[in-house]
Structure formats: structure tokens, C-alpha cells
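Asker: Can you make the complete structure from the sequences, with help from the hints?
Residue numbering for the sequence shown follows our numbering, starting at 12 and increasing by one per position.
By construction, these hints were calculated from the structure, which means they are not laboratory data.
Treat each hint with caution, since some may be false.
Simulated DEER-style distance windows between Cβ atoms [as the list claims (entries may be wrong)]:
#  : residue 1 : residue 2 : range
1  : Gln153    : Gly252    : 39 to 47 Å
2  : Asp107    : Gly164    : 29 to 37 Å
3  : Pro139    : Leu255    : 24 to 32 Å
4  : Arg243    : His183    : 37 to 45 Å
5  : Glu41     : Ala166    : 47 to 55 Å
6  : Ala187    : Ala259    : 33 to 41 Å
7  : Asn150    : Ala103    : 37 to 45 Å
8  : Thr145    : Lys122    : 22 to 30 Å
9  : Arg243    : Arg157    : 33 to 41 Å
10 : Glu244    : Ala187    : 32 to 40 Å
11 : Gln202    : Gly252    : 32 to 40 Å
12 : Thr145    : Arg243    : 34 to 42 Å
13 : Pro118    : Pro139    : 19 to 27 Å
14 : Glu41     : Gln196    : 44 to 52 Å
Derived lysine to aspartate or glutamate pairs resembling EDC-like cross-links, with alpha carbons at most 20 Å apart [unchecked claim]:
#  : residue 1 : residue 2
15 : Lys248    : Asp230
16 : Lys248    : Glu237
17 : Lys248    : Asp192
18 : Lys122    : Asp190
19 : Lys248    : Asp204
20 : Lys248    : Asp104
21 : Lys122    : Asp192
22 : Lys248    : Asp222
Here a beta-carbon is modelled for each residue, glycine too, at the ideal position from N, C-alpha and C.
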Amino acid sequence: MADHIHALPDAQVRVMDLRAMARVTKQPLEKLQALSQSSPVFAPGVENYVAMGAVDSIWSGDLAAHLLAGAAYAHRWRPPRRPAGHRRPRAADDADPRLRLGVPLPPAEGKLRLALRVPARDVLRSAPPPSLHTVLEGNVAQDWQRPLQALHGIAAAHVFGAFAWQHLTGLHYVHARSDIDLLWQINSSAQADALVARLQAWETEHGRRVDGELCLAGDAAVNWREYAGRSREVLVKRHDGAALELRASPCSPPPG
12 MADHIHALPD AQVRVMDLRA MARVTKQPLE KLQALSQSSP VFAPGVENYV AMGAVDSIWS
72 GDLAAHLLAG AAYAHRWRPP RRPAGHRRPR AADDADPRLR LGVPLPPAEG KLRLALRVPA
132 RDVLRSAPPP SLHTVLEGNV AQDWQRPLQA LHGIAAAHVF GAFAWQHLTG LHYVHARSDI
192 DLLWQINSSA QADALVARLQ AWETEHGRRV DGELCLAGDA AVNWREYAGR SREVLVKRHD
252 GAALELRASP CSPPPG
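Answerer: The structure is reproduced here in C-alpha cells:
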């Protein structure tokens, strides 16, 4: 569930997937995995991730240069104060009080995903994902204009994924095979049933794919396509985890 978008000043810790780092640095994956288990520069307790904070003071030689080359992605993100995504509260067993944020870099940057730990006091502002109406007022490719206008006519929605990041940053995220990712606020099973039927008709008419979640009572959310499958149970995601629930249950109003 995409929650908020944060504009940041200086991020203190930057994390990159080890497999992505292996591609960028041309280093063997096994070597990076070994380093992740033996060096304080790597994020403790997070397998397959490498922290890139202060590596210039810890590493020397060619590996340091490679790591700093990877860190340059994060440095390039910072000057225009581009946003980061905040998806969920920290886990109950996470002793680090800082916010866990993420930045998916655009295809031109190899689609690398950076994870950041940032003190809450360093957040400049916070906002929900942009509305579909707002995104449509921006620079949307001509071949997407009519399909998105039709989606907007079905129901009000907020946008996450490639279209949101392109709108917020001005960078190129959307490509020919992109989906549109949306969030819809749902108040009843009848509303959910009507919406998913119209989304299925939209996909048939426009030959595009829409992904996203039905945002239900409280902090619950269900993938719209899973809900449309008519199975007896659906996976319901909440801030504190996910669980299978009866299909109608999450759409029911909370007890008074």
C-alpha cells in the first residue's frame, strides 16, 4: 500500500540490492555477500542489501570506487529534492526509529531500488500519492490520454508506480509496456463489485492493464484483480501485516 511521498534533504543511509550492486560494480555476487556479513558498511541484519553511507571513509581501492559509483545514483536524486516513498510503519521488532523510505530509479538508471533510513525530523513535507486527475493534468503520453480519461471517469483514484514517479520527478518511468497503478477508496461490497466489473471492461476496451488496490475500512487493502476472482477468501493487507480473510469481510464497515 503506497502511503505517502516524502521530499527529503540529505539522506544519511542508502541501500541497494546486492544483485543490482553486482551488476553495477562487476563484482562477483558471492564477494559482495561475504562482505555483507563481515563489514559494518553493510546494513546489519538485512540480507541481500548493501548500505552505501560513508563508504569513502571505509573503503579504498577499486571496490571503493565501484561502491561510490553506485552511491552516485542516490546523490543525483538529492539536488532537486525529489521524493521518496514511505510504504509501511516499521516492524515491531525494528529498533531503528528512523523512517524506512524507498526510491525506485527510472529505467535509464537500471531500475535500481534504493532504500533509505531517514530521521523523521528531516522530512520536509509529506503528501498522499497524486490523484489521477492531477496526473492527467501533467505530461501524459498522447496514447495514454484517452485510456486514462476513461479510467478517471470510472472512479476517483490515486496513482502510484511508474506514472506517479514520472509525474513527481519529471524523469522518464513510463514505457510502452507500462501498467497504470491505482488506489481506490471503497466503502461497501456493492461498490467494490461495480468497480471491478468496470475495470475489467476497461482493460478489454483499451487493451491496457490496470493494477492496484481497493482501500477498505480502516487500513485494509485488497488487490482488485484478486477480489475480482470471486474466490471465497482474499489476501487483505494492513499496516501490521497480511492475512487471508473472507471476501466480504474487509468491505464491511468497522464495528461502531
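Asker: Output the numbers, in ascending order, of every earlier hint that fails for this structure.
Answerer: Checked against the structure, the hints that fail are numbers 2, 11, while the rest are satisfied.
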